[in-house]
Structure formats: C-alpha cells, structure tokens
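J.: Each chain, letter by letter, is given below.
Number of protein chains: 4
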Amino acid sequence: MSELGKKVWFFPDGDLPAPGEGELKGHESLVILNPNAIDAEIKIIVYFTDRDPEILNAGKVKAQRVRCIRTNEPIDGFQIPLGQYALTIESTAGVVAQIGRMDVAQPNLAYYTTMGYGT
Amino acid sequence: MSELGKKVWFFPDGDLPAPGEGELKGHESLVILNPNAIDAEIKIIVYFTDRDPEILNAGKVKAQRVRCIRTNEPIDGFQIPLGQYALTIESTAGVVAQIGRMDVAQPNLAYYTTMGYGT
Amino acid sequence: MSELGKKVWFFPDGDLPAPGEGELKGHESLVILNPNAIDAEIKIIVYFTDRDPEILNAGKVKAQRVRCIRTNEPIDGFQIPLGQYALTIESTAGVVAQIGRMDVAQPNLAYYTTMGYGT
Amino acid sequence: MSELGKKVWFFPDGDLPAPGEGELKGHESLVILNPNAIDAEIKIIVYFTDRDPEILNAGKVKAQRVRCIRTNEPIDGFQIPLGQYALTIESTAGVVAQIGRMDVAQPNLAYYTTMGYGT
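Residue numbers (our numbering), protein chains in the order written: chain L, 13 to 131; chain S, 13 to 131; chain D, 13 to 131; chain C, 13 to 131.
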C-alpha cells in the first residue's frame, strides 16, 4: 500500500557542538516520525571528511510514534566524534526526518533546524 | 482542477518550549496558507514518543487566507503536553504549511522555522 | 527548453518584525535567484488572515541575477502591514526563492531562513 | 544506475557576514555530501545582483565523503565579495547540499541553515 514519507533521508551538515558548562547542553537531535501502521527499522550511515562511513543499527521507530535520537550520545556503540560529519537514514518503512542543533559556544543559545532531503 | 499546495504535511520535531516569565512567551506556531479558491478543513494528528496519536479537528483555513495555530494553546479541546511530539496536517484542499518556534529558555530569544514536508 | 527552478513559490509564515532602535533594523528579505538566460517578471500575492489578498507587480529579476526584495518596504506602492501574512511568488521564468528574517525585539539578533515551497 | 541525491543545487540567499573580532569568525559554510560510490566533480556558479556570474572549479567531493567549503575563503582563486550573492552547484554525480551561516555582527552568535533546492 502507499506508505507515507520516504525511506531515505540525507543530512549533509552535521557538526557536533561542544557540550559546554551551562545547564543546557549543546547537542544535535535527529527526530524521526513514523506515520505508518508498521514499525520502521532504522539504519544510520555516518559520513566523514576523510575516512570511510560507519553503518549503525539505530533500532526501530514504532508505528505511529516519533523518536528523538541524540547524535552526541553513542548509537549502536559508536560515538560520533566532534567535527564535520553527515548522516543518511535508511528505513524499512516510510518516515519523515528532521535535524536540529542547539549550540552553547556562547552565553546565549543558538538553535537551528532543517528538514532532511528525502528520496 | 489543479489545486495549489499539498493536502498532507509532516512536522517531525515538535517540542513545546516553556513559556518563560518575560514579555515574549515561548511558543510554537503552525502557519497554514490556503492559496486556493475553496476553504480547507484541517485535521491535525499529534504523535508522541510512547502513546497513540491524537486526532484533532482544527477547523478551517478559508480560501485565500493564512492562519496561525499556536500549538501551546488547546486545539479541539486538547492541550499538547510539554516535550517531544510530531504533527501531521491533513487538509481537504491544497495548502502550504510551515512551523516556527520561539524559545525563551535564555535571556535572548532563539527562533527557528522550517517548511513542512508536503506530500 | 528546460528552464531551471520553478515559477510558483509559497511562503506561509510572514510576520514583519518591528524595526527596533539599534543600528541593525529588523526586516524580512525575499531573495530570488534567476539562473535562466531570460528575464523573469515577478508578481507577488500577499495573503492575510482576514481580508482578500493583494496582487503586486514586483518588477523583474534579470537573467542570471539575484535580487533581494525587502518586505518591510513598499512593493508596487503597497506597504505590507505589521503582523501575520503569507506570500506567493509567480514568475514568468523559472526561479528559486528563499525568505529570511532578522528580528531585533531583543538585545541580540535572531535570524532565520527557509527555502520556499516551489511548484 | 540510480544515483543518490541530485546534480544541481540552488542557494538564493548568500550574504557574507563580516568576520568580526571575536574568537569565532562569521562565515558561511556550504556542505556537500556525496553518498555515491563515485567521486563528484563540483562546479560552483556565483550570481550577483548587478554583474555576470562567476563559474568556479571547486574540485571534488570524494565518494562517500562529506566536504565543507567556506564561502568566505577563495574558491578557485576567486573571493566572493561581501554582500548579496547566490550560488548554484553543478556536480557530475548525485550529491546533497546544505548552506549555513554564522553571524557575529552582535555579541552573541546567530546561526541558521537551510537545505538547498535540488533538481
């Protein structure tokens, strides 16, 4: 049947902010919505500037649920290092994915977000 | 005839900011443009991390009008709780939808916005 | 021939910021790139929450040029009032359009931007 | 074979921020992910408000790598001047591209980002 969303999403500009020392910690959040009636198994591919990508098993996003994955915490036992990286999400079911960053390199927060490029 | 816009829009990363105590209150705004010559009836589906979605009747966006829906205020008698959630909009006519957040967790505002993923 | 870009772009969430009293003035910028070899004639439709839209003649974006239109300044003799509005761009040639806002309601700037929804 | 991503990306709203005098320098970053198994040769076209575009050879993004290009540094020997400009990327292989800006015109940073318009 016609599933909602897309099975592949790209996020070119990943760049983990330093956590900082304030109450609010700098982080990046990858948020995945599964609007379909079946669970989605998620694979994350992490790309770097100068080495081969890592392929990680990120578990599932259950049917009709949203899940937030912090990229500053280990995924499938792998901690993305500080610095430039990119992400691809591959899902067994249609999903919609967005990434946001909170930066605390300064006294006040800077936030931004972008929808992924889905295909 | 060929209607402008799309009838389904996804917003994965909802996360209501605390209102704060300053003059400007933290909030999220869902903005819907109906560029067509007929009214659009809007249904909003709210997804959560750990429970079934809520389906809300959000009324209409009249023909050739724009409407702003605050997600920190009750919709169809339902108040979205603080924390992670996602939204789907289903419309009877083609529309274009965008979400923005104003965060006041800090002395200075942080804003961001993204166009939805329309299908 | 196959023109680059799209002829219709939607921007649901317009909301003119107050100009403020600092050196940097709050504003919204609609930026249009014409990557094609022919000039593009631009029509802007301004939508409101509670009245009929205004259709404005915004002149042209020349072939292979980019043009920035400030929405806080009059367009075709019409000044968009403060408050919620939406924009549609209709172009005679394919273009790519993006909107950005600089807000100075606070001591520090808040910026954001989004690509339009093109069709 | 079916390559991932797109070969042409548009970024209408380029506007180089002044570098400023703090530790963090204002800049714009064009980030390109090549998720394919072949290298991508990148050409960047810089558009202006009032003169003909510049066509620059930006080298390659290797297979399965991400690359960040600072637009405030010379590309192919050409330094984009301060002020309004737009970018088109043309690639020999499918890529996904995003642009971000860090602005330091004020004591605190302002950041934003947007996915390009790919075609």
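FYI, nobody ran anything at the bench for these hints, they're computed from the structure.
Remember, predicted model here, so these are calculated numbers, not experimental data.
Every residue, glycine too, gets a C-beta built ideally from N, C-alpha and C.
Misleading hints may appear alongside valid ones.
As the list claims (entries may be wrong) - Among chain C residues calculated to face chain L with C-beta under 10 angstroms, some are: (1) K18; (2) S41; (3) V43; (4) L45; (5) N46; (6) V58; (7) K74; (8) Q76; (9) R79; (10) C80; (11) A105; (12) Q110; (13) T126.
J.: Against the earlier hints, flag every one the structure doesn't satisfy and list their numbers going up.
T.: 6 and 11
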